[in-house]
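Engineer: We have chain Z; now place chain R onto it with these hints.
Residue numbers (my numbering), protein chains in the order written: chain Z, 1 to 257; chain R, 1001 to 1558.
In case anyone wonders, no lab produced these hints; they're calculated from the structure. Please note: incorrect hints may appear among the correct ones.
[Stated by the list, open to error] Here's a subset of chain R near chain Z, in silico, CB distances under 8 Å, partners left out:
id : residue
1  : P1309
2  : R1316
3  : A1390
4  : A1393
5  : Q1398
[To be verified] In silico lysine-lysine, DSBU-like type, Cα no more than 30 Å apart, as pairs:
id : chain 1 : residue 1 : chain 2 : residue 2
6  : Z       : K76       : R       : K1320
7  : R       : K1320     : R       : K1537
8  : R       : K1320     : Z       : K137
9  : R       : K1537     : Z       : K76
10 : Z       : K209      : Z       : K174
11 : R       : K1080     : Z       : K137
12 : Z       : K76       : R       : K1414
13 : R       : K1414     : R       : K1537
14 : Z       : K65       : R       : K1537
15 : R       : K1462     : Z       : K76
16 : Z       : K199      : Z       : K174
17 : Z       : K76       : Z       : K199
18 : Z       : K199      : Z       : K209
19 : Z       : K174      : Z       : K137
20 : Z       : K76       : Z       : K113
21 : R       : K1462     : R       : K1320
22 : Z       : K113      : R       : K1320
Quick reminder that beta carbons are idealized off the backbone N, C-alpha and C, glycines included.
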Amino acid sequence: MIALEANRLMKCYTSVPAVSDVSFSLNSGEVLGCLGPNGSGKSSTVRMLIGLSEPTRGEVLFCGKSIQLDLVGYRKLLGYVPEEANLYPFLSGSEYLELVGTLRGMEAPVLAKRISSMLELFSLHPHRHSAIGSYSKGMRQRILLIAALLHDPELLVLDEPLSGLDVTSALIVKNLIKLLGERGKAVFYCSHVLEVVEKVCSHVMILQKGRVLASGSAIDLQQAAGQSNLERAFMHLVEDRDTHQTAREIVAVMEAA
Amino acid sequence: MLLGGDSSGEDGIDFGMGILLGLLALPGVFTSLFLADKYGSLFQVLRGDVDFDPYVASLPDDYFFIALSMVVTASVAVWKWDSLLPDRRDYANLAPLPIPSHRFLIANLLALLFLTVVLSVDVNAASTVLFPLVVCGSHSSFGYFATFLSAHLSCLLLASVFGFLAVLASLGILISVLPFHVFRKFSLYLRCAIVALLLTILSTSSAVPPKIHVLSENPNGWLRLFPPVWFASLNQSMLGRANPAISALGERAWIATGVLLIVAVFAYGLGYRRCFINSAETIAMLPAGEGAVAGRFFRVLDRMVFRSPFERASFRFTVKALVRGESQALVLGWFAGLGIVIACQTLFAAITSPLRSTDLIPSAAILSVPLTLGYFLILGLSCSFDVPVALLANWLFQLTVDRESQECVPLARKMIFVFLLPASVFFCLPLYARFWGWEVGLVHTAVVTVMCVLFAEFLLVKFRKIPFTCSLPNFKSHSIVVILFYVIGFFAFSIVTATAEHWAFADQIRFLVFIPVVICVWLGLRYSRQSLTYLDKRIIFEEISPSALETMDLGSGR
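If we strip away everything but chain Z, and leave its shape as in the complex, we get:
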């Protein structure tokens, strides 16, 4: 069953197109990875998918209906982890999660129980009463992940969810994403880390200059590009620079008189 569908999305900022023509569909139980270099339109696409900005043209459908018809209802079923961990620094981790859960209309006893369990599982329980302003980047990221999962959403939009996480937490989150896919959740996963996308996602979409350059399973993309892994396939499709040569040039500039 198709959970999320983007039809020819276009987004222009002061007549400059950030996204030109993006279409894809995401089924329940699928994890769709979205890859692309800086400025390829990933963030703009994500903002349209979660309804924070309206497409200049095209539409986003959830279960066959435009999300704009019932944005509030759609967002109740959505969990979102933004690229930047912008949180309220004066709230404690526990207070922030309580704010999120209450805004989402969760019952206080259920919310308290889930917050406590989630904080324990994400190793944040000892710091639950500390101000978020004193948290490390990884701790903030874990708070964002908990906030996105707290209300058991049907659709997850994750923008760089592993950013700043330590090895153990990153492994937990990777396994969690796979498991959520198996449990029938639809997951849209944006990242720069190709190895993770290759391992976690059932399908991959590569964006460049606001358009879908390629899409399919990781193996399909490797075969289409004639490369041995996703990283090489991505470089082959997107980048025309010799990265080794660029590195050598940087060192040369550093050492120049």
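Structural biologist: Relative to chain Z, chain R alone:
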């Protein structure tokens, strides 16, 4: 100061340094000018005051300026409390640089001193020039003027330095002595205590001076421990108008400032060492506590007032932002402080005036006290709601709140009344009932409550934000108009209402006149709210000021 205390750099409370300095200089300008009639020779003749000695007569006014300058510099130190000493972020950014650590200490200290000097000069500049001119205007001798000027100036500067050093020394001692997590908890209470003390100093600035010249009759009076009294006494000593008791108090000003200087430098050095050099070893987490009392408070309000999930979540968020956000607390504190000072000055002036036959009912001035407090509290809350906190984090509200729900006005209304109504019922009613009987107490509490409700409704007509989540409105372009509006509003709300109420108390049937007026205003406000378009009621997260020049974009259709 190095990085400062507020981590949310995008809050953007930027009134502009020019506006801030202008606002701080205003009390000195207005007070000096308003005093012209007191010291003018024509007015002295009209009053029949032939033995008028400006040096002695200026004591109450000098006391006010001394209190003001002390309060302003101490307030700056309290405001910048978290920046007075470097913290872990400073350490993380500065320690890797190839600069000796003592230079950071000197740089931070110099920056603080510079800020203090700028604000001190700003607050005192107008009164230093205008006040001596006003006081000595009827004397042609330059020596007379110069003596007054030098005494006035030195006492003001010394009082400013004293105020700043007192806060710096308190901070240095605390951070040197207490464990870090205890200090973090305790510092909030200490800041509140200092603010309360500063408000007391300013509020009593009209009540204290008459008692200074009679201090010799009461050698153990508590007033001797009040720092502004020392500086006012020093002023009288320098003018040659002090008796031995006042001269001794004046000497205390020098001694206390000197001792504070030594203590502050010593404590600051120790605090610096602990904060900066050892900050890599301090624990990153700052325990904040469970807040059981706050939890019970919120649960009670959930049951009684804030029923929808949006209201509950937003109320908790707002209270925490108000208590923990520096800029928000500053705005509310500024308005509340101004209200308390004006109310206290009015009250002291009213209770020290001669009794009249109509004192069976409170005077208009006494009636205006709770109205003044209500006016400034509502205005302070309303203005602080406009100041954003960690603006980039508002994506959470954008993602979860229904923009069409129009719940912002009920939320803001309930919050204002949660803060205000208990104060009105538990303070206004018993106080007025105690002195003028239950009838006056009940009627006045009702009037204050109704006026506060109307004023809050007036301010909320076009309100469509969740407090603290929207970008700052552009104050700079119309700040003068806004300030004028506030001043006129104060007179209309507080003075006019109190005068009308006083008139009605003379014959209580007159209160019936108020009923249709209140109903008309209420209906007018309701109509204004209802006549707003659908777009004007949507929740906003960004305040967009209208462009000065708008094009018709005729080419877009091609």
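Engineer: Would you check the hint for R/K1414 and R/K1537, treating anything up to 30 Å between C-alpha atoms as holding?
Structural biologist: Answer holds: R/K1414 to R/K1537 is near 18 Å, not above 30 Å.
Engineer: Quick one, is the R/Q1398 hint okay against chain Z at 8 Å, beta carbons?
Structural biologist: Since the shortest Cβ distance to chain Z is 6 Å, the answer is holds.
Engineer: Close enough to count: is the Cβ of R/A1390 nearer than 8 Å to one in chain Z?
Structural biologist: Nearest chain Z Cβ about 5 Å off; hint holds.
Engineer: Do the alpha carbons of Z/K209 and Z/K174 lie within 30 Å of each other, as the hint requires?
Structural biologist: Holds: Z/K209 and Z/K174 sit about 28 Å apart, inside 30 Å.
Engineer: Between Z/K174 and Z/K137, is the straight-line Cα distance small enough, at 30 Å or below?
Structural biologist: holds (18 Å)
Engineer: Can R/P1309 be said to touch chain Z, with a Cβ gap under 8 Å?
Structural biologist: holds (5 Å)
Engineer: Classify the hint on R/A1393 as holds or violated, based on whether any CB of chain Z lies nearer than 8 Å to its CB.
Structural biologist: Check passed: Cβ of R/A1393 comes within 4 Å of chain Z, closer than 8 Å.
Engineer: Does the alpha-carbon distance linking Z/K76 and R/K1320 stay inside the 30 Å limit?
Structural biologist: With Cα atoms ~25 Å apart, Z/K76 and R/K1320 stay inside 30 Å; holds.
Engineer: What's the verdict on R/K1080 and Z/K137, does the C-alpha distance respect the 30 Å limit or exceed it?
Structural biologist: holds (26 Å)
Engineer: Are Z/K113 and R/K1320 close enough, with their CA atoms no more than 30 Å apart?
Structural biologist: This hinted pair holds, its Cα atoms lying about 22 Å apart.
Engineer: Holds or violated: Z/K65 with R/K1537, Cα cutoff 30 Å?
Structural biologist: holds (27 Å)
Engineer: Keeping to a limit of 30 Å between CA atoms, is the pair of Z/K76 and Z/K113 held or broken?
Structural biologist: It holds: about 20 Å lies between the C-alpha atoms, which stays within 30 Å.
Of the numbered hints given earlier, the model fails none.
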